[in-house]
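Protein chains in written order, with the numbering used here: chain A, 1 to 134; chain B, 1 to 391.
Read the hints as simulated data drawn from the structure, not as lab findings. Some hints here could point you the wrong way.
Distance windows between CB atoms, simulated [said to hold, decoys possible]: (1) B:Glu175 with A:Leu119: 46 to 56 Å; (2) A:Gly66 with B:Asn71: 46 to 56 Å; (3) A:Glu26 with B:Ala150: 27 to 37 Å; (4) A:Asn82 with B:Glu175: 30 to 40 Å; (5) B:Tyr199 with A:Ile22: 56 to 66 Å; (6) A:Asp118 with B:Asn155: 28 to 38 Å; (7) B:Ser147 with A:Ala128: 48 to 58 Å; (8) B:Glu106 with A:Ile22: 50 to 60 Å; (9) A:Ala128 with B:Glu175: 42 to 52 Å; (10) A:Asn61 with B:Asp19: 23 to 33 Å.
As the structure is a computational prediction, the values presented were derived from the model and not from experiment. All C-beta atoms in this analysis are idealised placements derived from N, C-alpha and C, irrespective of residue type, glycine included.
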Amino acid sequence: MKVVIGVVGNDVHVVANRLIDISLEERGFEVFNLGVNTYLEEFMDAVIETDADVLLISSLNGEAEGWCRDLRILKSQYDFKNVTFMIGGNLGVGEMDPQLLVPKFEAYGFDLVFHQIDLNVGLDRLEAFLEARA
Amino acid sequence: MSRLFIDVGSTYFKVSQNDSIGQYFRDFNKNIFDDLSGRCGDILSQYTKEDVYICSSANGGLSTLIIGLTNSYSLKYAINIAFNSGINIIDTVLYPKIQRETPPLEMIDVVIIVGGIDGVERVFDERLLRYLEAAHYQNIVYVGSSSDRAFLEQNIENIVILENIISPKLKIQEEALKTYLTDLYQADIVGKEDIKQLYAITANQIFSTPYIVNRALPQVSNILDVADPFIVIDIGGATTDIHYSRDLVEDNIVSQSGYDRLVFKKLGVYKSRESLVHTAKSNEFVFELLEHLNVTENILEEQSEKATRILMQLSIFLVLYKVSKHHAAYIELNLETLNSIVLTGGITKVLSDEEAEEIILFFYKKILRFHRAPTIILDRAYEIWTYGIKE
C-alpha cells in the first residue's frame, strides 16, 4: 500500500517525520515522504500523482488546525476513491480540549485523527481501519 | 588559425574574430545568407568552414501547451523544464479540469502531456483525446506514467514517448524532456530555410543564441566586473532572455544544471514590438512607470528613437516583473539577493548607463520596496556570447 506522509505548514519537526517514515516502511507500506513545511495542496497532489491509498499528515507545533481547514474542499475537486485521510501529532495550540480536537479534524474531512497518541498505537489503528475498509 | 564567430540576431549580425566584434544592421530585403555574404564576404573568405561557428536568435523560439495532472508536480516540473529549454508556454491545462478548458486557437509547436509516477494506471482517458482533437499542434510528447504509454500511442498520432519527468519518489527527472525540447528548438532554427543556407559557410552545428549565452555564464565574472549572485538580461529585437543561477530559485526542485534561462518570445523591441506594447499596457505598474519617465502612453505608438528607448526600459521592467514574486506564472527568482545585473544584446547599443539604472531602481523601489538596486553592468561590446560559442 502507498502512503504519502509529511509535516504540514510551517513545521520543521523532521525527526518525528523520519520516524513515521521508518515505522511505515517496516510495516510494509510504500512511503512517499514529502518532508517538512508541506502545504495541504502538495499533499493532495502527491496522492493523485502516486495513486496513494493513504495520506498521513503529521503536525507537531499545532498549526494543522489552520493549515488543514480546506481539506474537504480539496477532496471535492478530485475523485479520491478509497483514499484514507489520517492526521496525527500535537494538533492543538495552547490549552486545547482533546475531546473537541478530534471531532474538529473529522469535520475537516479526516477519517482518522490522533492527538498526542503513541505512533505505533496510531499505526495499528490505521492498519485495522484499512483491513476493515477492504 | 583563428576562428570566426557569428551571431545572427533578428536585427543585427555580430561577427567576432581575433577578439574584435563587428556589428552589422540586417537588410530585411535580403535573406540572411546573401545579407551576411554581402557585408562580410571578405571576412568569410579568410576562414575555412571548419573554423566558422554560428549561433542564431533570429527565430524567436517555440511555443508549448502543457497538460498535467496536478499543479504541484506534473505542471510545475514540465513548466520548469520548458522554460529552461527556451520554450514559451502558451497555456497550461490541469487535467482533472480539462473538460472546462478550450484549446488555444493558435498553432502550438509542441504539446507536453504529463501525469503520474510510473506504475499509476489510467491517468488519461477519452477526455484528453477529445481536447486534442480540437487543438492545433505540430509535435506532441508524453512524459508521464509508463502505464499509460500504450493507450496514448494507440490513440494519438505521432506522439513521442519519453522517460517520465516525475521520478518514483516524486522528484524531477528533466534530462530526457529537456534534451527533446532543446533539440526541437534547435531543429526549428536549423529547419528555417534562411538558416539552412548558412551551412554553406560552416561545417559546425548552428546553435540557438540563448543556449550559447547560457553556456557563457560561468565565465561572466572573468569578463565583466560582476559580483555573485547575478543575472544576465539579453534584450534583443525578437526576444528578451534572462539567464540566472539556479541558486536564485526557491522551488525545491533539485536540478543538475547550474544555470538556467527563460526566453520571452514576445518581449523584443523590434520584431515583436507589438506584443511588447500589448504586454506593457496590461501591466498595472506601467502607467506609473511612464509618468516616472516623464512620457505619456502615446509614446508606445510612436516610431521614434525616444520611443525605442522607452520600450527598452519597459522590457527591462517587464522581464524583472515576470520573474519576481509578484508574477506567479513564471519561475520566481530571489531578486532581493542580487548583487549585479548584466544587460546585453541590442539594448546596450541604445540605452545609457543612467537610463538602465533608472528603470531598475524604479523596479526595486516600486515592486520590491527596496531603497537600493544591484550594480548594473552593460556588456557594451556584446562579447558574452563569444565566450559561450568558444566553449
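Indices of hints not satisfied (ascending): 1, 2, 6, 7, 10
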